[in-house]
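2 protein chains.
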Amino acid sequence: MSLLVVGSIAFDSIQTPFDKVENALGGSSTYISLAASYFTSPIHLVGVVGEDFSNEHIQMLEEHNIDLEGLQIIPGGKTFRWGGKYHYDLNVRDTLFTELNVFENFNPEIPPKSRKASYVMLGNIQPDLQLHVLGQLENPKFVVTDTMNLWIETAHEDLLKVLRKTDVLIINDSEARLLTNEPNLIKAAGEIQKLGPKYLIIKKGEHGALLFGVDSIFSAPAYPLEDINDPTGAGDSFAGGFIGYLHSTRDLEFENLKRAVIYGSALASFAVEKFGTKGIEDLTKLQIHDRFIEFRELSRFDEK
Amino acid sequence: MSLLVVGSIAFDSIQTPFDKVENALGGSSTYISLAASYFTSPIHLVGVVGEDFSNEHIQMLEEHNIDLEGLQIIPGGKTFRWGGKYHYDLNVRDTLFTELNVFENFNPEIPPKSRKASYVMLGNIQPDLQLHVLGQLENPKFVVTDTMNLWIETAHEDLLKVLRKTDVLIINDSEARLLTNEPNLIKAAGEIQKLGPKYLIIKKGEHGALLFGVDSIFSAPAYPLEDINDPTGAGDSFAGGFIGYLHSTRDLEFENLKRAVIYGSALASFAVEKFGTKGIEDLTKLQIHDRFIEFRELSRFDEK
Numbered sequence: 001m002s003l004l005v006v007g008s009i010a011f012d013s014i015q016t017p018f019d020k021v022e023n024a025l026g027g028s029s030t031y032i033s034l035a036a037s038y039f040t041s042p043i044h045l046v047g048v049v050g051e052d053f054s055n056e057h058i059q060m061l062e063e064h065n066i067d068l069e070g071l072q073i074i075p076g077g078k079t080f081r082w083g084g085k086y087h088y089d090l091n092v093r094d095t096l097f098t099e100l101n102v103f104e105n106f107n108p109e110i111p112p113k114s115r116k117a118s119y120v121m122l123g124n125i126q127p128d129l130q131l132h133v134l135g136q137l138e139n140p141k142f143v144v145t146d147t148m149n150l151w152i153e154t155a156h157e158d159l160l161k162v163l164r165k166t167d168v169l170i171i172n173d174s175e176a177r178l179l180t181n182e183p184n185l186i187k188a189a190g191e192i193q194k195l196g197p198k199y200l201i202i203k204k205g206e207h208g209a210l211l212f213g214v215d216s217i218f219s220a221p222a223y224p225l226e227d228i229n230d231p232t233g234a235g236d237s238f239a240g241g242f243i244g245y246l247h248s249t250r251d252l253e254f255e256n257l258k259r260a261v262i263y264g265s266a267l268a269s270f271a272v273e274k275f276g277t278k279g280i281e282d283l284t285k286l287q288i289h290d291r292f293i294e295f296r297e298l299s300r301f302d303e304k
Numbered sequence: 001m002s003l004l005v006v007g008s009i010a011f012d013s014i015q016t017p018f019d020k021v022e023n024a025l026g027g028s029s030t031y032i033s034l035a036a037s038y039f040t041s042p043i044h045l046v047g048v049v050g051e052d053f054s055n056e057h058i059q060m061l062e063e064h065n066i067d068l069e070g071l072q073i074i075p076g077g078k079t080f081r082w083g084g085k086y087h088y089d090l091n092v093r094d095t096l097f098t099e100l101n102v103f104e105n106f107n108p109e110i111p112p113k114s115r116k117a118s119y120v121m122l123g124n125i126q127p128d129l130q131l132h133v134l135g136q137l138e139n140p141k142f143v144v145t146d147t148m149n150l151w152i153e154t155a156h157e158d159l160l161k162v163l164r165k166t167d168v169l170i171i172n173d174s175e176a177r178l179l180t181n182e183p184n185l186i187k188a189a190g191e192i193q194k195l196g197p198k199y200l201i202i203k204k205g206e207h208g209a210l211l212f213g214v215d216s217i218f219s220a221p222a223y224p225l226e227d228i229n230d231p232t233g234a235g236d237s238f239a240g241g242f243i244g245y246l247h248s249t250r251d252l253e254f255e256n257l258k259r260a261v262i263y264g265s266a267l268a269s270f271a272v273e274k275f276g277t278k279g280i281e282d283l284t285k286l287q288i289h290d291r292f293i294e295f296r297e298l299s300r301f302d303e304k
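Chains A and B, in that order, are what the protein sequence lines are.
Going by my numbering, the first residue of the first sequence is number 1, and it counts up by one from there.
Going by my numbering, the first residue of the second sequence is number 1, and it counts up by one from there.
Calculated from the structure, these hints are not laboratory results.
For each residue, glycine too, the CB sits at the ideal point set by N, CA and C.
It is possible that part of the hints are untrue.
[Said to hold, decoys possible] Label-pair ranges, simulated between beta-carbon atoms:
1) 62/B to 164/A: 50 to 60 Å
2) 302/B to 141/A: 53 to 63 Å
3) 105/A to 191/B: 28 to 38 Å
4) 148/B to 62/A: 34 to 44 Å
5) 174/B to 227/A: 15 to 25 Å
6) 99/A to 100/B: 35 to 45 Å
7) 156/B to 94/A: 43 to 53 Å
8) 286/A to 253/B: 29 to 39 Å
9) 19/B to 116/A: 52 to 62 Å
10) 289/A to 104/B: 25 to 35 Å
11) 282/B to 274/A: 49 to 59 Å
All chains should be modelled from the sequences, with the hints used to inform the complete structure.
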């Protein structure tokens, strides 16, 4: 009943109007695994890096009980690098450069002991690689999938195949509209659920997130942050907190999925407070619980 | 302890990709008064119309216990007319025409008996007219103000004067950013509260609304509507439900303001289901209460 996480590992160079950082640890599987590590262990990470991936990073991940047997280290290779610049309105960003390096030929091989994984988080990678991951698993019970506008537009057929095997799809509002060509988010959600996922989460950034179940909708607020230092990785931290909490509780009822959405939102709110993965490297369970309670206070109201 | 509502009264011609209507009853004070009428009475409406305003409309408003002593009917005049067209994405609209007619020289005169009003809703009109209204009142206890981007840009000084006399400002997210030149909504809210209003409500359309108190924030969800027929008047219906509920309860504690935001959101959700004011002309208290409960279900989650 272990948790498998597959996705990118990267060094990110990030500029905001307030600060900048070079070669900060990033990538979808990194954020997801770290965020999930506060709820459950071990987490089996599958990804690829180059020789430039430091022992310090490996040690930090291992201290979070992240099993790195599935981490491919390519001799002589360079780790994926991404550079981005956020504007004064942090909702807008430009990609400055993308160096795929070893990620270009990433072929996710699941180590034998990880093939029994029952909970699977497919981070945002090409849909055919996501399918390749699922094909290696013995009996995945609960598959959570992330994707992006690029795959919606360029790998639509493969993405549809992934969706048919997906229990929870996590995407943002513009991706939901793009996938369905439907501006009304509630209608778009219904269309997406017909494609396979029993549950759908639509992330709306500063406006929170929506969880769609069979006949139920849950609206989660966003944590009101005055100082966002780096929005990178917010979505992956959300996904990690979400699946980590679910894996720890083994409860897939809608009421528990709502809690998982709040824990995901909490981890995302910590992630954006610092550059790179720094915001989710040194949390305590008490800090996370306190933020859960803050989310409840933020949205709670009673009848008179 | 009566409730005074000042604003526009209009005939709206509205096109959407699905339907259209000509000369539907509209205007801010109309929506506000109707929405408030489900919670409290009498409501003193102050506005201006032309001779073309029908007895049928007057009768409908009076049936909602709306006191029309402050309604100026200009002999030989024509009522304000507005035409707009919504796109397939209903968040986007174009104004097709604006005929101010009698509204151009609107000078809100408050009838003597209404000058004792303790609760005042200043609908979206020029800030100098809002000041003129406040100047006629004996002892307003609770002033709720709406405004728009036009006045933020062209009547800034007058608007600042209104804000100093305002208890609750209700604006949308783009107006909050415009007023403060600050993209982060939480920071923008703090800036606006320094200008006078003890409370601030930021409406975010399909993303719900935020209520800012002294040291508290409340995040209200949006009602998940698949079929929005006409977004016109949603904000005014929100304001009417908000102040109507508060006036009926005479309770200005933050916990009660949260309930008022939900009742406002409920009235807005009814308003957009039909063209013009039709969606809020024939509601029952039970329908409104049921929707309040639906809002609670939508956002409720518990600790395990």
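> Can you list which hints this structure breaks, lowest number first?
Replying inline: When the structure is compared with the hints, numbers 2, 3, 4, 6, 7 and 10 turn out to be violated.
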